[in-house]
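The listed protein sequences correspond, in order, to chains A and B. Under my numbering, the first residue of the first sequence is numbered 1, with each subsequent residue one higher. Under my numbering, the first residue of the second sequence is numbered 1, with each subsequent residue one higher.
Heads up, a few of these hints could be off.
With the Cβ distance kept under 7 Å, some of the chain B side facing chain A (calculated, not the full set) [to be verified]:
no., residue
1, L90
2, S98
3, D102
4, I106
5, Y109
6, R112
7, N114
8, I117
9, Q132
10, N141
11, L142
12, C145
Beyond 10 Å from chain A on every Cβ pair, some chain B residues (computed) [what the hints assert, rightly or not]:
no., residue
13, A24
14, G51
15, L57
16, M76
17, R110
18, D122
19, Q143
If you are wondering where the hints come from, they were derived from the structure by calculation, not from laboratory data. Even glycine gets a Cβ: it sits at the ideal position worked out from N, Cα and C.
Listed below, chain by chain, are the residues.
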Amino acid sequence: MIENSVEILLVEDNPNDEMLALHAFKKHNLADKVHVVRDGAEALEFIFCTGAYAERLFVNPRVILLDKKLPFVDGMEVLREIRADARTRMIPVVMLTSSAEDRDVIESYQLGVNSYIVKPVDFEQFSETARQLGYYWLLINQQPSEVS
Amino acid sequence: MIEGSFEILLVEDNPNDEMLALHAFKKHNLADKVHVARDGAEALEFIFCTGAYAGRLFVNPRLILLDKKLPLVDGMEVLRKIRADPRTKLVPVVMLTSSAEDRDVIESYRLRVNSYIIKPVDFEQFSETVRQLGCYWLRVNLQPCAVA
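Just need the whole structure built from these sequences, with the hints factored in.
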């Protein structure tokens, strides 16, 4: 049985970035409940409770951190599917990616991303960015309550 | 002649909240250029360069902070018009309001607000929240560049 409520869904295929983000969240007590999925297909199964996650109760994470380049299903496609489903369309989604290309930024906003963050290359800065975004989306922002 | 580029457009009719927000931005060197509009009609004129702002160059602010309850035109209607125009539909908009009602939160996200923040009643907390949101949206987030 998979635990019901997840505060942050981190969609990340790079083990270093995953480790850094989890470390930053832990260090600043931002999230006990972070679930990590490592490709776009697994992200969709988790979000929509299908496949390996068919047993999961359908409760939206408070925020989804989405990498753009992902195995199997691209981050843009994951975002598109989140925004196309009435159950998930209002979940705050933040792109956290190494791409600073205008077309990726614009396409993400066009698909309704809430925020777009370019991963800092520097270790310390990445950790600080993870802290700030965790703090902002979990403690400052008010997310929509569950709607069926 | 009104200067072309503003970092933040603050739409706020409460003079106390305006003063507190401006003070927080200044204190933390977050934004030199904050323009304040005191009702929804003035906000629309500023954003779309009409009426009193017909002489303004059409450059989107990096961030719009929008109160919900506003004289003349309501914050929700301002948000709707921002999202309906291709020139402005990707501008990051944050609701900064005293309303914690579910229907306001949900309606805002339906209209594709980027983030929803409930104004803390406490002076110190309000100032800290403004600092956090300014840091996040001006330093961490990457906004889409102007699209024609």
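Do the hints match the structure? See the list:
1. L90: This hint holds: L90(B) lies near chain A, its Cβ roughly 4 Å from the closest one there, short of 7 Å.
2. S98: 12 Å, violated
3. D102: Since the shortest Cβ distance to chain A is 5 Å, the answer is holds.
4. I106: The hint holds - I106(B) has a Cβ within 7 Å of chain A, the shortest such distance being about 5 Å.
5. Y109: 4 Å, holds
6. R112: Holds, because the Cβ-Cβ distance from R112(B) to chain A comes to roughly 6 Å (cut-off 7 Å).
7. N114: 5 Å, holds
8. I117: 6 Å, holds
9. Q132: Status holds, d = 5 Å.
10. N141: Cβ of N141(B) sits 5 Å from chain A, so the hint holds.
11. L142: 5 Å, holds
12. C145: At about 6 Å, which falls below the 7 Å cut-off, the nearest Cβ of chain A leaves the hint on C145(B) intact, so it holds.
13. A24: 13 Å, holds
14. G51: Holds: least Cβ distance 27 Å, greater than 10 Å.
15. L57: At about 21 Å from chain A, L57(B) clears the 10 Å cut-off, so the statement holds.
16. M76: 14 Å, holds
17. R110: Nearest chain A Cβ is 7 Å from R110(B), so the label is violated.
18. D122: 14 Å, holds
19. Q143: 8 Å, violated
Consistency with the previously given hints fails for numbers 2, 17 and 19, ordered from lowest to highest.
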